[in-house]
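K.L.:
Chain residues, written in single-letter form:
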Amino acid sequence: MSPKTLYDKIWDAHVVHEDTDGTCLLYIDRHLVHEVTSPQAFEGLRMAGRKVRAPEKTIAVPDHNVPTTLGRENPDQMPEDSRIQVAALDQNAKDFGIHYYPVNDVRQGIVHIVGPEQGWTLPGMTVVCGDSHTATHGAFGALAHGIGTSEVEHVLATQTLIQKKSKNMKVEITGKLRPGVTAKDITLSVIGATGTAGGTGYVIEYCGEAIRDLSMEGRMTVCNMAIEGGARAGLIAPDEKTFEYVQGRPHAPKGAQWEAALAWWKTLYSDDDAHWDKVVTIKGEDIAPVVTWGTSPEDVLPITATVPTPEDFKGGKVDAARRSIEYMGLTPGQKLSDIEIDTVFIGSCTNGRIEDLRAAAEILKGKKIKVKRAMVVPGSGLVRAQAEEEGLADIFKEAGFEWRMAGCSMCLAMNPDQLSEGERCASTSNRNFEGRQGYKGRTHLVSPAMAAAAAVTGKLTDVREMI
Amino acid sequence: MEKFEKLTGIAAPLPLVNIDTDMIIPKQFLKTIKRSGLGVNLFDEMRYDRQGNEIPDFVLNKPQYREAEILVAGDNFGCGSSREHAPWALKDFGIKCVISTSFADIFYNNCFKNGILPIVLPQEAVDALMKDAEKGSNARMIVDLEAQTVTSSDGDVFTFEVDSFKKHCLLNGLDDIGLTMEKAGAIDTFESQASQARPWV
Ligand code: SF4
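In order, the protein sequences belong to chains A and B.
Each residue of the first sequence is one higher than the one before, counting from 1 in our numbering.
Each residue of the second sequence is one higher than the one before, counting from 1 in our numbering.
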C-alpha cells in the first residue's frame, strides 16, 4: 500500500463515488447547523418536497444572533429579524427531526464548541457546517470544513457533498513554546508567515512537538484559524489526549463500540514517507506573543514590533496596508505596545473554551481593568457553568468584566454586542476585517492572556511582562 | 439554476486585494431568511455613508458602472466567512462573473451554485483586464464559458481553466442535489458498509 497522509486516509474512507475527472461524492458523518446559513436550505427542501436524509447525524444550535444578556430567552430581548431567524431554526429542527439545543438549554453555545463538547465530533469523521470556522473540529483528526447554504441543502438532502480532493500541506511547529506564548500565537504566526491565501487549495495538517504539547482546547484554537490561512481544513492527528477528551462524552461511543473505534482511530496518522505538496516549518521558540495591526488576519506582528510602513509591502498589498493603517487609526513606526485600547472581548469559537478563560483569569486575578469596557462571553453554557464553579467568573467580575451568556457575540456583532465607530478592541476572536465587530470598529486579534493584559494596562501589552 | 453560457457586459474594476465577504455583504444583512433582495446592500459599507447616501467615488456608484455584470478584482477575492449571501448579493445586483488572480475556496464553490462564474487568471492578464475595465461602459468584455475565454474590448483573448464538472453544471444550469439524488443507490450501499465498519458513527 502506498503511504498516505491523515487527510488521504479520512478522505478514502468516505468516498461514495468517484467520477473519471476526480469529482467525488463524499459521505458526511456529522452536519452541524446554525440559524444564519440554514433557513434558505430548509426552505429549499420544503419546496422540493425533500426530507433530511440522516436527521440523527444532524445537530442544530442557534448562536450567531442570540443576545448574551440574562433573560434572553424572552423573545422581546431580540430584535425582530434575529427573533425570526432563531424561530425559523426552532421550527426547522422540529419539522425535520434533528438534534437541537435551543437558546434556553444549558448545552447551547457556539456550534463549534458544542459539537466537541457533546461528543458529536470524533476522530476520522467528516464534519461540515455552514460556517467557515468548522475547521475547528480538525483538532480531533476529523476532516471538517465550512460550506455554503446550497451545500447545506445538499448535505441535508443527501448526506454527501460533491468535492474534489485538495492538496496536502504540512505545517510543523518544532520544539517548545516560550512562556506567555499560546495556541493563538501559533495559529496567527502561521498565517503571518504564509498569508491569507497561503493555504488555498490545501488541507493543512499541523504537527510537531509544540502541537503535540497543546491541550485539545489549544489544538482547536490552532485548527479554527486554518480558514484564515485560506486552507479548506486543518487537521491534527488524534492521540491519547484526544481519546481522553472524547471518552465519556454524551455522544461518544461506549463499551465494545469504544474499543472498535479506538482501534481505528489509532491508525489515523500520516505515514512517515507520505507525500506533501507543501511544507512549512516554524520553530516553536521563535514564536512571540503576537497582535494584528491591520484588517487582515495576515497583518500579524510580535507585540514588540512597530506599525509597518505600507511601502514595505509589495504589489496590491501596498494599497491594502495603507487602507488598513488608516482604517485602524495608526501611524507607521508607532510601537504596538503604545496602542491604547477601549474595549476587550474574550470569547468566540477560537478562544471561548475553559482553558482560554483560565488563561485570562490567571492574569486578571486581583487586578482591575483600565479599559472602558470588557466582556467575557463563554463559548457554551457548560463552559460558563464550569468557569463559575472554578471561581473564574468571580475573578472576571471583580476585575470589572461583564460576565455574559454563551454565543458568538462580538466576534461578528450580529447581536447587540458591537463596537461603535472608532472604538478599539483587543479581541480573542478570529477576524479583524473592516466592520467585523461593528461599523468602523477597530479590532486587534490577540490571545486570551494578551487580551487580559490589555484590559489591565489599557493598551496592547506584552503579557510576558506580567507573568 | 440559471445557465451561464456567454456574457457580453460592462466590467467594473475593484483593484483591492483580500476583499472579504464582510465587505461584500456585512453581517447585518445576514438576518434574512430569503435568498433575494440583497443587491442593494452589496458592498454596503463601501457604497453608502452612515446616513445611507451613496459614496460617489465607489466604483459601482459611478454612472458608467451601474449596469456592470463583471467584476475585475484583486487577489484572494471572497476570503472570510462561508456566507452564501455574498454571491446572492452579487447576483442580485447583476454581477454574473468575477475575475481575479485567486479566490477563497468556499466563496469560489458558492459562486457556481448560483450561476456566477469566477475566473482565475494570471496577474498580467488580470492587470490588462483591470486597465480595460477602467475605460468604463464603452469597454465591454466578452466571457465565453464554452470556449473558456475572456476577450477584452480591444480584442485581446485570455484563456482560463475551469473544472469540467463545474463547467458542465453551469452551462446547463444543473442542480447538484438532483444529480446526486440519482446516485442514491451508491449512497445506500456506502451507508450499509460504513455502519458495519464504523458502527459508532
Ligand atoms: S464565534 Fe465567530 S467565528 Fe465562531 S462561529 Fe461564531 S461568528 Fe463564526
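It is worth saying that the hints were derived from the structure and are not from the lab.
Check the hints yourself; a few may be wrong.
As the list claims (entries may be wrong) - Reference listing, derived: stretches of chain B covered by chain A, where coverage requires no fewer than 3 residues with Cβ under 8 angstroms from a Cβ of chain A:
#1 25-36
#2 110-122
#3 132-139
Glycine included, C-beta positions come from ideal geometry on N, C-alpha and C.
K.L.:
What hint numbers does the structure not satisfy?
P.N.:
3
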